Amino acid sequence: KIDIFNHIFPKTYFDKMIRIAPDGKDMHKRMRNIPCLVDLDERFRVMDKFEDYVQIICLPNPPIEVFGPPSVTNDLARLGNDGMAELVQKYPDRFPGFIASLPMNDPKGILSEAKRATQELGAVGVQVFSNVLGRPLDKPETMPLFDLMAEIDLPIWIHPARGADTADYKSEPKSHYEIWWTLGWPYETSAAMAHLVFAGLFDKHPHLKIITHHMGAMVPYFEGRVGPGWDQLGTRTSDEDYSLLLKKLKKRPLDYFHMFYADTAVFGSKMATICGLSFFGADRVLFASDSPFDPEKGSAYIRWTIEIIDSLDITPAERKAIYEGNARRLMKLK
Numbered sequence: 011k012i013d014i015f016n017h018i019f020p021k022t023y024f025d026k027m028i029r030i031a032p033d034g035k036d037m038h039k040r041m042r043n044i045p046c047l048v049d050l051d052e053r054f055r056v057m058d059k060f061e062d063y064v065q066i067i068c069l070p071n072p073p074i075e076v077f078g079p080p081s082v083t084n085d086l087a088r089l090g091n092d093g094m095a096e097l098v099q100k101y102p103d104r105f106p107g108f109i110a111s112l113p114m115n116d117p118k119g120i121l122s123e124a125k126r127a128t129q130e131l132g133a134v135g136v137q138v139f140s141n142v143l144g145r146p147l148d149k150p151e152t153m154p155l156f157d158l159m160a161e162i163d164l165p166i167w168i169h170p171a172r173g174a175d176t177a178d179y180k181s182e183p184k185s186h187y188e189i190w191w192t193l194g195w196p197y198e199t200s201a202a203m204a205h206l207v208f209a210g211l212f213d214k215h216p217h218l219k220i221i222t223h224h225m226g227a228m229v230p231y232f233e234g235r236v237g238p239g240w241d242q243l244g245t246r247t248s249d250e251d252y253s254l255l256l257k258k259l260k261k262r263p264l265d266y267f268h269m270f271y272a273d274t275a276v277f278g279s280k281m282a283t284i285c286g287l288s289f290f291g292a293d294r295v296l297f298a299s300d301s302p303f304d305p306e307k308g309s310a311y312i313r314w315t316i317e318i319i320d321s322l323d324i325t326p327a328e329r330k331a332i333y334e335g336n337a338r339r340l341m342k343l344k
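In my numbering, the protein residues as written are 11 to 344.
Some clues are possibly wrong.
What the hints assert, rightly or not - Taking lysine-lysine pairs in the DSS-like style, the calculated list, with each CA pair at most 25 angstroms apart, reads:
# : residue 1 : residue 2
1 : Lys125    : Lys149
2 : Lys59     : Lys280
3 : Lys100    : Lys11
4 : Lys11     : Lys214
5 : Lys307    : Lys26
6 : Lys280    : Lys100
7 : Lys342    : Lys214
8 : Lys21     : Lys125
Unchecked claim - Quick list of simulated restraints, FRET-style, between CB atoms:
#  : residue 1 : residue 2 : range
9  : Gly173    : Arg235    : 23 to 29 angstroms
10 : Leu343    : His217    : 14 to 20 angstroms
11 : Asn43     : Leu243    : 40 to 46 angstroms
If you're looking for bench data, these hints aren't it; they were derived computationally from the structure.
Owing to the predicted nature of the structure, the values given are computational and were not obtained by experimental measurement.
Using N, Cα and C, we set each Cβ at its ideal position, and we do this for glycine too.
Please work from the sequences and hints to get the whole structure.
In structure tokens form, the structure reads like this:
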């Protein structure tokens with residue numbers, strides 16, 4: 011079982027992040043309450059509860075670009091990726107690979123660090139967040155990363171990013187009841203997917219591998235809106251003409267959304283897993299837990315996700331593909 015999306019802080023990265031983060035003391039308190047993020051002994055204790063279980067590791071939220079200008083974020087990205095590579099090298103039986111993080115506020119740094127991490131450090135892909143300091147991913151400064159990853163044929167993971175400062179209503183200054191997380195994060199991922207689709211990314215790179223966190227977010231459940239709804243793109247808009255865009259795309263919008271990959275990190279929801287699996291198909295779904303952000307601080311999401319996958323009415327070959335086969339194929343693992 012290869013868990014392709016879970017989170018960890020290399021100690022050197024964590025220590026520097028706490029020093030430079032505007033809310034460093036608060037962040038340290040939050041992270042201290044989840045020992046698995048930094049304590050390897052505790053992490054291994056949790057992992058040992060599950061038979062034949064390994065992790066592809068990556069940094070958690072927040073995105074690196076929130077910590078400062080490019081001079082800061084380039085150093086932080088290098089520090090994080092070096093720390094990840096060291097963990098993989100030291101514990102290959104635990105961590106068969108890592109996902110690189112990038113200084114997304116530096117167009118040149120994005121490409122140079124992506125190349126360094128994948129070609130020199132052995133990263134199995136890169137992680138981006140659903141926006142870059144409030145800007146969508148289909149901007150000219152970030153699209154070259156997708157060209158690069160298509161060229162080297164390694165996946166891009168999309169993780170949602172949104173905070174309480176994004177209000178639920180225009181009349182209010184902030185989000186309440188953690189709506190920004192519960193409902194805002196799935197929206198963020200879905201909006202990022204839509205921007206990439208309508209930018210023509212999959213027409214340009216039909217074999218590009220993009221793994222969407224949380225089982226494709228809202229998209230599978232809203233298949234009707236994404237399908238027949240977006241077939242009528244422009245009929246609800248009076249200040250912009252979308253007719254040429256639909257003609258320019260080689261496929262229906264819905265067909266492009268089927269070209270994304272998705273992970274099983276849905277916090278123990280079997281119905282969400284079934285819905286996403288039906289939408290993407292077993293050859294595009296990968297096992298992931300989002301550990302250690304669960305009520306047990308490490309083991310619950312892993313256990314629940316395994317129980318769900320084991321209970322699905324699918325073939326043994328499909329189950330193996332979800333657990334490990336798709337990961338080995340996409341990330342070129344041995």
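Okay, the hints, checked on the actual structure:
no.: 1; hint: Lys125 - Lys149; verdict: holds, 20 angstroms
no.: 2; hint: Lys59 - Lys280; verdict: holds, 21 angstroms
no.: 3; hint: Lys100 - Lys11; verdict: holds, 20 angstroms
no.: 4; hint: Lys11 - Lys214; verdict: violated, 33 angstroms
no.: 5; hint: Lys307 - Lys26; verdict: holds, 23 angstroms
no.: 6; hint: Lys280 - Lys100; verdict: violated, 35 angstroms
no.: 7; hint: Lys342 - Lys214; verdict: holds, 23 angstroms
no.: 8; hint: Lys21 - Lys125; verdict: holds, 23 angstroms
no.: 9; hint: Gly173 - Arg235: 23 to 29 angstroms; verdict: holds, 26 angstroms
no.: 10; hint: Leu343 - His217: 14 to 20 angstroms; verdict: holds, 18 angstroms
no.: 11; hint: Asn43 - Leu243: 40 to 46 angstroms; verdict: holds, 45 angstroms
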